[in-house]
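**Q** Can you make the complete structure from the sequences, with help from the hints?
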Amino acid sequence: MTALLNHFRLASLPPEAEAFREEVKDFLASHMPDSPPDVRARSWMGFSAEFSRAMAERGWVGMTLPQEYGGASLNAFSRFVLVEELLVAGAPVSAHWIADRQSGPLILKYGTDAQRRFYLPKICAAQAFFCIGMSEPNSGSDLASVGTRATRTDKGWRLSGRKIWTTNAPRCQYMIALVRTSGKPEDRQRGLSQFIVDLSLPGVTIRPIRDLAGDAHFSEVFFDDVELADDALIGQEGGGWEQVTAELAFERSGPERLYSSIMLLDHWIDCLRRSGDAEAHVAVIGRFATHLATLRNMSVTVTSQLVQGASPVVEAALVKDIGTEFEQSIPAVIEAAIAADPLAVVDADLYRTVAYVSQVAPTYSLRGGTREILRGMIARGLGLR
Amino acid sequence: MFAEAIEEILKDQCTPAVVRAIEAGGSPAVLWNAISDAGFLELLASENDGGAALSLAELFPVLIALGGYAIPVPLAQSVAARALLADRMTIPEGMLTFAPGLRRLNDGRLVCPVVPFGTIADHVLAQDEGRLLLLPGASATRTATGVHGSMVATMSWQIDADSIHTDLAAGTLSAFGAALHAALLAGAMRRVFDMTLQYANDRSQFGKSIGKFQAIQHQISVMAEHVAASLIAAEAAFPAGVPTPPPLASAIAKARTSEAAVLVASISHAVHGAIGVTEEYDLQLLTRRLHEWRIAHGSEAHWNQIVGRSLLQSGQDRIVDFVRSASV
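Just so you know, the protein sequences line up as chains S and F, in that order.
Residue numbers for the first sequence follow the UniProt record's numbering, so the first one is 1 and each next one is one higher.
Residue numbers for the second sequence follow the UniProt record's numbering, so the first one is 1 and each next one is one higher.
Honestly, the hints are just simulated from the structure, not real lab data.
From a predicted model like this one, the values you see are computed outputs, not experimental measurements.
Check each hint, because a few of them may be wrong.
[What the hints assert, rightly or not] Listed below are several chain S residues computed to face chain F (Cβ distance under 10 Å; list not exhaustive):
| no. | residue |
| --- | --- |
| 1 | Asn6 |
| 2 | Glu85 |
| 3 | Ala89 |
| 4 | Ile285 |
| 5 | Ala289 |
| 6 | Thr294 |
| 7 | Glu315 |
| 8 | Val319 |
| 9 | Glu325 |
| 10 | Ser329 |
| 11 | Asp349 |
| 12 | Arg375 |
| 13 | Ala379 |
[What the hints assert, rightly or not] The calculated label-pair distances, taken between Cβ atoms and stated as ranges, are:
| no. | chain 1 | residue 1 | chain 2 | residue 2 | range |
| --- | --- | --- | --- | --- | --- |
| 14 | S | Ser275 | F | Thr166 | 43 to 51 Å |
| 15 | F | Asn201 | S | Arg117 | 47 to 55 Å |
| 16 | F | Ser266 | S | Ala340 | 24 to 32 Å |
| 17 | S | Asp231 | F | Val262 | 50 to 58 Å |
| 18 | S | Gly59 | F | Val262 | 42 to 50 Å |
| 19 | S | Glu18 | F | Gly94 | 53 to 61 Å |
| 20 | S | Ser73 | F | Gly94 | 58 to 66 Å |
| 21 | F | Thr166 | S | Asp341 | 31 to 39 Å |
| 22 | F | Asp12 | S | Ser73 | 48 to 56 Å |
| 23 | F | Ala3 | S | Gly59 | 50 to 58 Å |
| 24 | F | Ala3 | S | Pro137 | 35 to 43 Å |
| 25 | F | Ala215 | S | Glu242 | 28 to 36 Å |
| 26 | S | Glu242 | F | Ser266 | 34 to 42 Å |
[What the hints assert, rightly or not] Just so you have them, the derived chain S footprint on chain F, three or more residues with Cβ under 8 Å:
| no. | stretch |
| --- | --- |
| 27 | 141 to 154 |
| 28 | 225 to 234 |
Note that beta-carbon positions come from the ideal geometry of N, C-alpha and C, so glycine has one too.
**A** Laid out in structure tokens, this is it:
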């Protein structure tokens, strides 16, 4: 029953992935915008089409996709290295982030040949940015309760309803939306399908949602009798739940879940070194390193299972849950540390960065499946339910 | 292969009854002889010396097994000590253990505080800067901690123990002791986890097994996360191709497993209810060790400082670059 724990044996990145790291570092040295740490701390949310296109020119957007579609046919180890370097540098990755991680692999796996030929080259060229249409008002963790509906017409489908918490919708060309094609919300997982929605179509309205940090990365997307062509359906009609489960596994399995607050941690340590106060915090710094080293090894292990063709859905959920706990502990500890002495002068960049990360850190354990959902998945993996 | 072989012996010879008897002051001879007669003291010794020439990576699963059986003799320490002493000095007979530290008092006495298995060890290895000392248990004053069932003792010597020594790079013994206890902790936590999961399935309350309650499921899921983290942190201290555990990986391993031990012990007891703290139920054999081994060779409070200082001195600007250097 505890076979799950046997899956956490040490693995390492192969030498070619480490060699690739040097390429990525060189690229970042010349292409990273010169931003202050509180801007770089927005990495996940930082949007730069220009930066994404420069990456695409090197084949690093959709890098795991086959070369025939414009990808680089590289494996998950190389992607691990790329993502790690991007996040540690605080690169603005959000333009291509969703397409690279979720939409591209989803289209490759479930799309028709025509869909692959149309969308994948655009993704790899950073010409098509995607957003995720899963959540709806009042659905939240109860994802199977979606009520947005697509009904059959002579020419295809008519879409009505709304999605929420959609990152970057105003700046994306496409959304992959999970909608109901038959039955009612009470029918739960049955009757759900996924559609690729061109966001420029008539009837699509996007309303930005401003967040507590003053940013507007999220949005609400309204579909008012949007006419979709036949080929907007991706995968099987009624197969949406199975597809979305696989898609969420892509979202949860990467090193993305360790580094959301890493800019803050590095900047804090840098400030301590410059002020000469590091020794007073040496155990706290060490604890962060101890936890990060372990989490990173866990994440590499899950990546190696992906490379071997396994589908480590529960393992990924486990790493995500403990990883987000680590990410969330960083701003909490640093906020306390910088204000342990009310008379101390605090580096202004550090002050803004810790404020930003503290404010948004609660989302780390919400996006991609809440803590409670993940713990339920782990319990199921252990045979408890 | 060796892990399965020793599990066979432990299953027969290291039963909970045997653990209890040895903890109560009974002779460890039957258990010790069964292990040494089967050749398990020579796991790390070279094939020329009649050993199995295991790499540290191959030793790791053996240590996990020892932790899971609440091993009441210094087998992990003896295997490691014999490897350290080979080619340096004659290996003495009997049970060897590691001293976590060594102090010289003004009156000339040597003191090794809280030595694991200090009450029963035949010899103690202690490190003094760049020197490895071999101290005879027979001539030591042993002061047990007085903790119920514990074999930890502070040991002191009036003799000039410097007469038996050899060179060893400073910090080697402490990293080895930390790594061994990280693996023992991970093995014990793994066993505690298995027992807790089993209990959650077996025990019924309110008409269904308690594992069906979401509140219990979430506690066990959190426990699984920390046991998985502990297993991988400990494994990282046992790479193939080096004779002794690397200092940084050992520090990380001991800090991470020591921290997890508290949480794992507390969740396991929470799920077991009061039954878990009774003498007759086996969980306590392991959770007492989780706390003892957390303290042995320094807790996370000690090792996190070592890791933090190493990071600051590394010259690395980014914590991820530092961390990566500990994982290769």
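**Q** Give a verdict on every hint.
**A** Okay, the hints, checked on the actual structure:
no., hint, in the structure
1, Asn6, "holds, 9 Å"
2, Glu85, "holds, 9 Å"
3, Ala89, "holds, 9 Å"
4, Ile285, "holds, 4 Å"
5, Ala289, "holds, 5 Å"
6, Thr294, "holds, 4 Å"
7, Glu315, "holds, 8 Å"
8, Val319, "holds, 8 Å"
9, Glu325, "holds, 8 Å"
10, Ser329, "violated, 12 Å"
11, Asp349, "violated, 15 Å"
12, Arg375, "holds, 4 Å"
13, Ala379, "holds, 4 Å"
14, Ser275/S <-> Thr166/F: 43 to 51 Å, "holds, 44 Å"
15, Asn201/F <-> Arg117/S: 47 to 55 Å, "holds, 51 Å"
16, Ser266/F <-> Ala340/S: 24 to 32 Å, "holds, 28 Å"
17, Asp231/S <-> Val262/F: 50 to 58 Å, "holds, 56 Å"
18, Gly59/S <-> Val262/F: 42 to 50 Å, "holds, 47 Å"
19, Glu18/S <-> Gly94/F: 53 to 61 Å, "violated, 46 Å"
20, Ser73/S <-> Gly94/F: 58 to 66 Å, "holds, 60 Å"
21, Thr166/F <-> Asp341/S: 31 to 39 Å, "violated, 48 Å"
22, Asp12/F <-> Ser73/S: 48 to 56 Å, "holds, 53 Å"
23, Ala3/F <-> Gly59/S: 50 to 58 Å, "violated, 44 Å"
24, Ala3/F <-> Pro137/S: 35 to 43 Å, "violated, 53 Å"
25, Ala215/F <-> Glu242/S: 28 to 36 Å, "holds, 30 Å"
26, Glu242/S <-> Ser266/F: 34 to 42 Å, "holds, 39 Å"
27, 141 to 154, "violated (count 0)"
28, 225 to 234, "holds (count 8)"
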